[in-house]
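Visitor: Numbering follows numbering that gives the first Met the number 0, with no gaps: position 84 of the sequence shown is 83.
Any given hint might turn out to be false.
[As the list claims (entries may be wrong)] Distance windows between CB atoms, simulated:
| # | residue 1 | residue 2 | range |
| --- | --- | --- | --- |
| 1 | G105 | R57 | 31 to 37 Å |
| 2 | E21 | T104 | 28 to 34 Å |
| 3 | D16 | S71 | 34 to 40 Å |
Calculated from the structure, these hints are not laboratory results.
Ideal placement from N, C-alpha and C gives every residue a C-beta, glycine not left out.
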Amino acid sequence: MKYEWMDSALCAQTDPDLWYPEGPGQHARTALRVCTQCPVRPECGEYAQDVEDASDGRRYGAWAGMSANARSRQTPATVERDRQIISLTAQGLSAAEIGARLDVTGRTVVRVRADHRQQQEAA
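Construct the complete structure from the given sequences, taking the supplied hints into account.
Guide: Rendered as structure tokens:
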């Protein structure tokens with residue numbers, strides 16, 4: 000079955016209200032913490048993209064360790080930029096060197112590296 004991975008998803012074992020916070024001051028931090036430990040984040044991310052594409056790109060709730068706002072910032076260009084940051088990091092370049100090469104801030108490089116490290120630890 001295409002969605003067998005859902006049986007292993009940690010969100011399936013947690014309060015569903017965590018994933019769809021509503022109202023002022025509400026956030027998905029607790030849900031996103033659960034995501035960091037989830038073994039099926041890549042599958043979830045692909046599924047979220049399919050669902051959001053089918054709904055005219057509307058984003059809602061936490062999926063694959065990302066809030067709706069974070070997913071809305073994930074364009075093909077940012078995905079490629081992040082891939083390049085990780086590749087240049089593996090080559091031993093500093094955050095400043097990578098930032099200068101890719102025309103991004105050092106803060107962006109540090110954030111992408113931290114996100115990548117967190118994903119690797121959760122895997």
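Visitor: Among the hints numbered above, which are violated by the structure, and what are their numbers in rising order?
Guide: 3
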